[in-house]
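Protein chains in written order, with this note's numbering: chain A, 1431 to 1778; chain B, 1431 to 1778; chain C, 1431 to 1778; chain D, 1431 to 1778.
You may find that some hints are simply not true.
Because identical chains share one entry, a pair is satisfied inside a single copy or across any pair of copies.
Dumping the calculated EDC-like pairs for lysine to aspartate or glutamate here, alpha-carbon to alpha-carbon at most 20 Å [said to hold, decoys possible]:
(1) LYS1485 with ASP1711
(2) LYS1550 with ASP1642
(3) LYS1691 with ASP1642
(4) LYS1520 with GLU1470
I should point out that these hints are in silico values taken from the structure, not numbers from a laboratory. What you are looking at is a predicted structure, and each value in this text was computed from that prediction instead of being measured.
There are 4 protein chains.
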Amino acid sequence: MADDPRPSVGIIGASGYTGSELVRLLCAHPGVSLDFITSESHRGRLLSDVHPHLKGIFDLELSSAEDLGHHEPNLVFLALPHGVSMEFVKGYGCNGFKIIDLSGDFRLRSGDQYGRWYGKRHLCPEMLGDATYGLPEVYRGEIVNSRLVANPGCYPTSVVLALAPLLSGEIIEMDCIIVDSKSGVTGAGAKTRPVTHFPSANEDFKAYSLTDHRHTPEMEQALGEIADREIDIQFTPHLTPLSRGIQTSVYCRAADGITQKDLEEAYDALYGGERFIRVRDRPPSVRDVRGSNFCDVHVRLDERTGNVIALSAIDNLVKGASGQAIQNMNIMLGFDEATGLGAPPLSP
Amino acid sequence: MADDPRPSVGIIGASGYTGSELVRLLCAHPGVSLDFITSESHRGRLLSDVHPHLKGIFDLELSSAEDLGHHEPNLVFLALPHGVSMEFVKGYGCNGFKIIDLSGDFRLRSGDQYGRWYGKRHLCPEMLGDATYGLPEVYRGEIVNSRLVANPGCYPTSVVLALAPLLSGEIIEMDCIIVDSKSGVTGAGAKTRPVTHFPSANEDFKAYSLTDHRHTPEMEQALGEIADREIDIQFTPHLTPLSRGIQTSVYCRAADGITQKDLEEAYDALYGGERFIRVRDRPPSVRDVRGSNFCDVHVRLDERTGNVIALSAIDNLVKGASGQAIQNMNIMLGFDEATGLGAPPLSP
Amino acid sequence: MADDPRPSVGIIGASGYTGSELVRLLCAHPGVSLDFITSESHRGRLLSDVHPHLKGIFDLELSSAEDLGHHEPNLVFLALPHGVSMEFVKGYGCNGFKIIDLSGDFRLRSGDQYGRWYGKRHLCPEMLGDATYGLPEVYRGEIVNSRLVANPGCYPTSVVLALAPLLSGEIIEMDCIIVDSKSGVTGAGAKTRPVTHFPSANEDFKAYSLTDHRHTPEMEQALGEIADREIDIQFTPHLTPLSRGIQTSVYCRAADGITQKDLEEAYDALYGGERFIRVRDRPPSVRDVRGSNFCDVHVRLDERTGNVIALSAIDNLVKGASGQAIQNMNIMLGFDEATGLGAPPLSP
Amino acid sequence: MADDPRPSVGIIGASGYTGSELVRLLCAHPGVSLDFITSESHRGRLLSDVHPHLKGIFDLELSSAEDLGHHEPNLVFLALPHGVSMEFVKGYGCNGFKIIDLSGDFRLRSGDQYGRWYGKRHLCPEMLGDATYGLPEVYRGEIVNSRLVANPGCYPTSVVLALAPLLSGEIIEMDCIIVDSKSGVTGAGAKTRPVTHFPSANEDFKAYSLTDHRHTPEMEQALGEIADREIDIQFTPHLTPLSRGIQTSVYCRAADGITQKDLEEAYDALYGGERFIRVRDRPPSVRDVRGSNFCDVHVRLDERTGNVIALSAIDNLVKGASGQAIQNMNIMLGFDEATGLGAPPLSP
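Only chain A is shown next, with the shape it has when bound in the complex:
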């Protein structure tokens, strides 16, 4: 690798789903060299023993984050649980390399908020101001020069992209926004738990984390910054018996005089030039985005009730995590934003 002229990247915590998905996508990326991957629990094993689908494609050995000093990466992905990410950032800083953190540790601007929703004290609240929220469609300008990007959560990606076009101008009333999201089971991670045991999750459907899901303040923060006012939402996640995908349905009231055409124009205006957002003429479907970095959206005015329904669908592991992380990397390292992310969705 010494003579590979491409930027060098590494993944800290490659044994989970977002880690293996980063590897899958980086294998298709022509511009960077994935030089190391770590896992404390599986160090010394081949990645393809932990993720056997990658056999013959990427068989590198998992090392420890402590071996980071042997590498000179340009950029590091943190695919770690929240709490562990901030330990890493506090320890290593972003001096020698840029960081894209896929956990929730650097998404909120306030350490107090973090403490309230995550139930633990932030280890380096002074760094929160330096972190950029890595939703390119909204924060692209800031991501370019950022050294620490907080990659958005899967639910927030689906919610903010569904709603963003409605938050400028006088399109909706912003004081009563209801968000009903449904996620596939990979959203709960690779760790086994009773609720994600196959016979528990299969042929079941249920809401969970009513009123206190950790992604709530992150959504409200991004929506509030877009709207330039405080936004409260009612967010309810649901567990859906499929592996990948989030579908979100948002409900709010239309402002007086708004028409279906107004809504559509708002979406076209904001998303017309976006590579990964497809404004569709029917309710989007998680099947149509599986394996891809697309976010499909659709908006509808119900003239009978005066409500607006905004819908989105993403693959929670791609646009909701690792694909978006690579989109951010492309921006941070100066690549075309879609590099390595062009593979069509896998359907059916």
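Let chain A serve as the given structure and place chains B, C and D on it in line with the hints.
Showing chains B, C and D alone in chain A's frame:
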């Protein structure tokens, strides 16, 4: 059967899912004799050829509705598509026997409403006033003496039972009620369609029928009668990759000063004596009601936002269709309301 | 319960799938009283907290097996892991009550065999001779008077019932029998493991335990006793992405001159009077037996190749475990064999 | 396209699953230009209306096969039902362009065989001798110069690749080979049928087409050519509740003296240089190959019984259809064989 002293019942249209589910449940009912089953498309075949799980349990031959004259039923279930049911009722009336209609044809009180949402003229609007809406927990008193019961739709059952306790007294503000429902694929019936082809529905999740689902006016009618005022709701159904089950999440604003305890008391007050409603202390799950006539409900106040979330789960083919029909039959024929409906849910 | 004249039964180990399934089925049994249920890990909790689908149906508190002395059961079901069952039997014997053991501990007649396949020494090999193999269609006569019934494994039930009619007379050549079985995920139990994590098992299919599955000697023992000669089989289990059900395909060579009619007559001869075996005219389907105690079988001669294909489908938790246990209980306590087991399958 | 120097290809029949999968894979292929796609039933519509996951990626209009004259393709894929393919080939020949036919019409070398298994007379039996069976790992040398390649069926691909290494030398006894295959539901195509209705296929598992599946003679032909003797197999397909994937388990008797090491050496010898075959040390899993052109295989000797178990897993739409077609195209057009097929599997 001539010497069977039990009331005689028949099923018109037994080849679909609600038909076979009626048979499954009636097989376990000690008080009635299921004497005939019809299917125009499969007449002459054994029921157990069409529904092979019933082999050895109920192998009666499917006859034609035209053979009804050979029988003297006390009660007839209509498991027919909407439009076809009203033809039958118009033709046969309810003179000799009581009718429980599982279609949408007699649920709305107004023929005009019917025309608007179902896209066809009602054939016997004068009979709409005689029909009783068969949701026992709300209309039990009227069902007892009714000769024509319109069995509620699956979505309306889940929605009305989730919301009913909130509609008396000053518990919620009723002008903005959002209903987000998710249904398993049997809700779309036994007829094959591209959207219910296995590779289409599997590993997918999507909304459909935004703003115009036919169950909407039926819900608004029942909710309005309970609240004694006009109620508009925003209803969005979603297709979920499982066979049986509906989960509904309802969102509305709490009235001033309402507490979580007030909400729980309202549910206990209305449902404390109900045999098929279980008020739960966590979000209900379709797995916990599968195969049973239970409707599990849960209510939660979000103190942060001032919103109320009301959740329900049913088996769409049982409490959402055939089980509720038998509950209605029990009331109409004087049985204990739970007769034949006591089998525990099948989980996992 | 002191004045309940019905036989008293208890379940040791009621927190797993076979335990909750025993409760589900015993709730529908008119002839016995389920007086206690135990779970060491959940003692003190209500059963319906551990298995929420049973709320309002059976809310008894889980006690400890140590409290057994407070009860005077006529019969006890052991729904324990192998290894733990034999500890219980060694400790309590079958003096005061009959035992139906759902584990593998008393299925093999030889302690040596047990040691070889289960990897541990049997604690009470002297009791193996007293145990009866509880497959009623084969061992009914011995079950009647048995005090210790070893309930068959799920795979062996599906395999032995598929093959049994072929083992008498000169129907097949018995020296090369291939058994390819496919099981739903509840077959792996309620304990979470990586392989049964939803995203692992969903949309996957694979073989496992090639050449060494513990059910192999149990099948060979039963098949050998039926055939009255030694039988070796090649058994391969596969994990299938559904919750309940086992489908087994057995392959062997037809003896010279055997016809399709001969095969069908053999099945009718053995199974014509059986309540839970349905000889079908097409390949059986796990959907058609779900939730029921049925075993559906089908046999076919391939005239082109001279091979016989014998197929079966069961619900692994019912005929493959708890339903068969109740069938055994009915025989042991003198009830009609189908008591409490008459509910139709749940399909779809 | 006039000035695109790359070879031009087209797809006849692009509205089904193999058609859309060809498009998905060709989008990632740098060396050819996909210039036309046809569908008689959807002509005039955009491909992305029929396959909405392709919106924004490949939005070409579906034309008619009759418009073929407007193009000068180098190679045409036929993704047509059997029977229709031979009409096309009879009509157009392979004069101007090479053909890869994904149907079964040109796989058998004998028109009589075709008639017997497909139930219709072959329209151009004289062309059967010109067709090459497109399984590169076996027939690579002939594919290079072929003008008409018959792309193998999905089951045959999984079976022949599992078995091929055992057919040279004296490794197994070839007179009793049992093949038990399990396929996801896309194997049945995009056309709706009762058996593939979601509630029918979901939570079900069953065998079908006992003794008469059309892929049988194709397997026997390829296996026989590899072994250089006549081979009969017992083939049983099963329908599995997942969208993509075939798992095959093959059983046969080891020749005297064969060891596990001998088996492994045979697989390494034949497959050591193959790009798309991964010889694994455990039973392969369809999840590990999903979306990819890999065929994972594993072989095991059961010393206790003397049998050999050979297992394989493929994605039926990729290595079992469209991916293999592109592998064939690469060989026929002189590309590196893996061009455009390098994307890692999608797991979970």
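Verification of the hints:
Proximity of LYS1485 to ASP1711 under the C-alpha cut-off of 20 Å is restricted to the inter-copy arrangement: shortest distance 12 Å between copies versus 40 Å within a copy. Taking the closest pair of Cα atoms, LYS1550 and ASP1642 come within 20 Å of each other only inside a single copy of the chain (15 Å); across copies the shortest separation is 46 Å, beyond that limit. Taking the closest pair of Cα atoms, LYS1691 and ASP1642 come within 20 Å of each other only across two copies (19 Å); inside a single copy the shortest separation is 36 Å, beyond that limit. In this assembly of identical chains, the alpha carbons of LYS1520 and GLU1470 lie at most 20 Å apart only when taken from the same copy (18 Å versus 44 Å across copies).
In terms of the numbered hints stated before, the structure departs from none.
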